[in-house]
Amino acid sequence: MLTSVFIAAVSLALFWMAAFTLWWQMHAWRTPEVLASTRFGRPDGGEHLSFSLLLPARHEQAVLDHTIQRLLESTHTDFEIIVIVGHDDPETTAVAERAAARDQRVRVVVDTHEKKNKPKAMNTALPHCRGDVVGVFDAEDQVHPELLAHVDHAFRTTHADVVQGGVQLINFHSSWYSLRNCLEYFFWFRSRLHLHAQKGFIPLGGNTVFVRTDVLRDADGWDPNCLAEDCDLGVRLSSVGKKVVVAYDSDMVTREETPGSLMSLLKQRTRWNQGFLQVYRKKDWCRLPGFGQRLLARYTLMTPFLQAFSGVIIPLNAAVALFLDVPVGVAFLTFLPLVTAAVTFVFEVVGLYDFGKQYGLKVRMVHYVKLIVGGPFYQVLLAGAAIRAVWREQRGRNDWELTTHVGAHLTAAEPLREDVPA
Amino acid sequence: MTSTLPAVTAAKVPAPHRAAPETPATDGARPPLRLRSSRPDLLLCGALLTAIVVVQGWNIADYPTLSDDEGTYLAQAWAVQQGRGLAHYTYWYDHPPLGWIQIALLSWIPSAVSPGSMTVGTMRITMLLVGGVSAVLVYVLGRRLSLPRWAAGLGMALFGLSPLAVVLSREIFLDNIAVLWLLLAFCLAASPSRHLWHHFGAGLAAAAGVLTKETMLVVLPALLVTMWRHSHRDTRKFALTGAVTACALIGFSYPLFALLKGELFPGTGHVSLWDGIKYQMSRPGSGFILDPGSGSYGVLHSWLYYDRVLPLGGLAAALLLLLTRRWSVTARALAGPSLTVAILAAVALRPSGYLPAMYIIGALPFLALVLAGGAASAAHAVIRRRRTENEKRYVTGGRYVLAGVLALAAGAYVVPHWYDGDRTAVTADANKPYRQASHWLGTEVTDPKDTRVLVDDALWLDLVHAGYRPGLGAIWFYKADLDPAVTRTMPHGWRDIDYVVASPTVRRDAKDLPNVKAAIQHSAPVATFGSGPDRIEIRRIQPATGGAR
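Read top to bottom, the protein sequences are chains A and B.
In this text, residue positions in the first sequence follow the working numbering: the first is 1, and each later residue adds one.
In this text, residue positions in the second sequence follow the working numbering: the first is 1, and each later residue adds one.
Check each hint, because a few of them may be wrong.
[Said to hold, decoys possible] One-sided excerpt, in silico: chain A residues whose CB lies under 7 Å from chain B: (1) Leu35; (2) Ala331; (3) Ala342.
The hints are simulated quantities; they were obtained by calculation from the structure and are not laboratory data.
For each residue, glycine too, the CB sits at the ideal point set by N, CA and C.
Required output: the full structure, derived from the provided sequences and hints.
Right under this line is the structure:
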């Protein structure tokens with residue numbers, strides 16, 4: 001009897017968790033009207049804002065020049081690029097200096113902090129920004145030339161304080177986990193983030209994010225001690241009622257690549273989870289006015305851990321139902337979370353198809369198979385990262401893992417900094 | 001494109017409303033988004049609902065004749081309520097159990113208040129609820145499929161007031177409940193907001209319909225067509241796969257249930273889903289429906305006896321709409337219902353299939369809708385077709401006169417027939433013999449607890465309430481020959497029985513049931529109620545011919 005009640009309770013909790021996540025994940029496709037509203041409005045040709053684009057780069061001499069060149073191709077007429085390099089990184093500095101010499105729109109700011117991380121670098125550059133709007137990109141980003149014009153238009157027409165553009169991992173064919181990683185980004189930026197914007201609580205992404213310079217300065221820039229400073233900034237800004245606008249257009253997204261190895265994905269995810277945990281503990285979200293908003297904040301910041309938990313417990317629960325002697329009704333309940341998981345899988349398959357269509361990529365049968373088969377393993381990865389994050393946070397290890405572990409020998413193929421959605 | 005990006009972070013933001021790019025496939029004017037707030041719709045629908053509930057509800061317990069099937073479903077619902085399992089005898093996967101689980105839920109409160117009310121006549125009242133909801137859904141569906149208000153009302157009236165529909169929807173049949181789910185699925189599929197989760201819900205409702213009565217499976221393609229037509233190009237792939245997934249997942253719960261009980265595949269000593277399906281698929285056919293000598297022909301005529309307008313007119317309208325869908329907006333809008341009618345008609349025309357009397361229930365609302373749609377199409381053709389701005393007044397007048405004449409002619413044909421049929425339904429008492437038999441068995445038998453009676457299910461619950469032992473005291477007559485758990489308790493065959501309640505059903509089927517047949521042969525009537533072929537005889541087994549008790 002006690003077993004039955006316990007199993008039923010766990011099953012129902014898991015079911016509601018999975019159902020809510022699914023509900024939110026599918027936000028953009030709720031109705032054709034919602035889907036249409038997630039896109040950028042077409043620019044009217046007027047350009048009234050000036051941009052300061054921050055480009056933190058660390059040991060990224062191989063890709064930096066290309067990124068700067070592409071940014072300079074932007075159709076917008078009023079912007080500057082501020083490349084932030086470390087004082088201990090002469091190779092990258094050399095690339096940046098050469099670009100600055102070629103084009104006066106490029107400037108170089110040197111970060112002299114002893115222990116370096118991205119928020120510190122950006123805070124260093126913040127006083128040097130001359131534009132009305134600060135934009136953030138990563139050194140390996142491929143930015144669409146018309147993006148700034150669209151963002152300019154979005155700022156003016158919506159009177160937003162923050163505009164978050166889409167970021168998309170593209171190399172889904174590289175490995176089984178990159179496939180899932182790409183799809184995570186797709187659902188996050190294509191769909192879920194819009195729900196957060198609408199509800200008034202939003203963890204921002206790490207790049208293609210644009211903030212009015214005065215708003216950013218009032219907020220004292222980024223939190224240098226937070227491992228998910230992007231998420232933190234979003235939470236702080238939305239908690240004080242700043243208006244955030246999200247827009248996603250498949251041809252306007254910033255394209256990125258997934259981490260080069262499973263281990264770096266795990267580390268990246270660990271850092272991100274730990275960052276979410278830090279944001280949760282900072283309690284800025286408690287200032288959100290609505291109860292529902294606070295609940296959404298609590299749930300969203302806890303998501304990595306709930307995800308880890310459910311990934312482990314769903315199969316266990318189903319096994320219990322099949323092999324232990326429980327009443328048929330209770331056994332039925334244990335299948336409920338599995339049902340939502342199945343629905344999620346199906347929507348992911350359709351999402352992969354849609355992703356391929358929107359980006360003109362050829363998705364083959366084997367990719368769908370990988371998507372399904374890789375699902376449980378990806379869950380294990382997520383669970384591992386979540387457990388690792390809790391452990392590290394418990395031990396007070398909140399340094400930037402990549403910089404300390406990989407250090408100066410970081411290869412260009414392994415980007416310094418990736419931003420990961422849920 | 002609008003110039004705003006409405007997904008914004010402010011304290012609370014209303015859901016974004018940006019016009020979606022319209023699909024070219026969608027045509028015709030959309031009905032108001034919210035029927036709930038449309039006063040004329042509410043008034044019309046409410047008035048029709050009142051009329052339908054009165055006509056269907058008045059005299060519901062006494063007409064039509066109680067049937068064995070009704071009794072079976074209600075007895076199974078009773079078993080569910082009592083926690084005795086899924087049926088009053090061993091559940092053998094004859095139908096998915098969801099249908100009578102719903103009957104059990106619907107009758108839960110009345111039967112808890114007064115256990116004796118759990119009899120077929122009384123509990124027909126639950127079907128009134130089902131019928132009322134279905135009628136409203138027909139109206140909603142009509143409006144969502146772009147029918148004008150009057151035509152949606154006509155559809156609702158046809159569905160709710162046709163004597164055939166009145167008779168069938170009063171009976172406790174699984175089909176009535178399944179139809180409600182299917183209508184709900186169609187309404188959700190045609191949701192004007194084209195919401196992803198509405199389509200998902202349509203899939204769930206369709207699965208519930210199929211699990212209520214498995215024959216609804218054949219209607220699913222028509223539902224898919226409706227969903228396709230009413231979804232938007234940009235969101236269709238998610239909406240449709242979502243709906244199909246929802247339907248399939250819920251549908252799989254039935255085999256899963258069998259699996260969990262270890263009854264998916266046949267084995268010794270237990271029933272199985274496999275055997276149940278095999279039985280249903282191999283039921284002896286009732287012949288070709290148009291062959292006058294066949295059972296199916298008889299069933300068809302039993303329907304046409306009550307009403308010809310709805311079945312024949314609806315079928316004709318469905319075929320007409322399917323043929324004219326290239327030219328007619330209404331025909332395209334009603335593609336789902338007309339396809340449903342066509343599929344159901346095609347299935348009924350199988351030469352070797354089994355055609356149960358309640359088969360047409362699944363088609364009734366769709367017949368009503370296509371008939372109303374056909375009328376709307378005809379009205380449109382008469383009043384608006386080739387009409388120009390500067391048409392002469394007398395021509396316009398002539399159009400309206402013609403429309404009026406047609407409407408009057410149709411009314412003159414239909415109303416008298418329906419008036420007669422419905423008057424019978426609200427006045428006739430077809431169940432007096434059953435009530436008398438029930439009363440006799442409850443009062444004249446001295447020791448019900450130790451008396452064994454073979455009875456059909458229409459009276460089974462009456463006997464249980466009168467104190468007979470459920471299952472082995474009050475014995476559903478088929479089980480005396482077909483259920484090993486019952487025959488085991490009758491080692492001496494008919495000699496172990498005290499009474500046989502020979503109702504028309506028992507007399508009809510006794511020829512294939514040796515124990516029942518013998519019991520009838522070795523018994524004599526002690527009370528007879530009614531006369532002719534519909535009479536009910538209570539026959540006592542004659543100990544003189546060798547009774548063991």
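These are the hints, each one checked on the structure:
1. Leu35: holds, 5 Å
2. Ala331: Hint holds; alanine 331 of chain A Cβ to chain B Cβ min 5 Å, cut 7 Å.
3. Ala342: Result: holds, 6 Å to nearest chain B Cβ.
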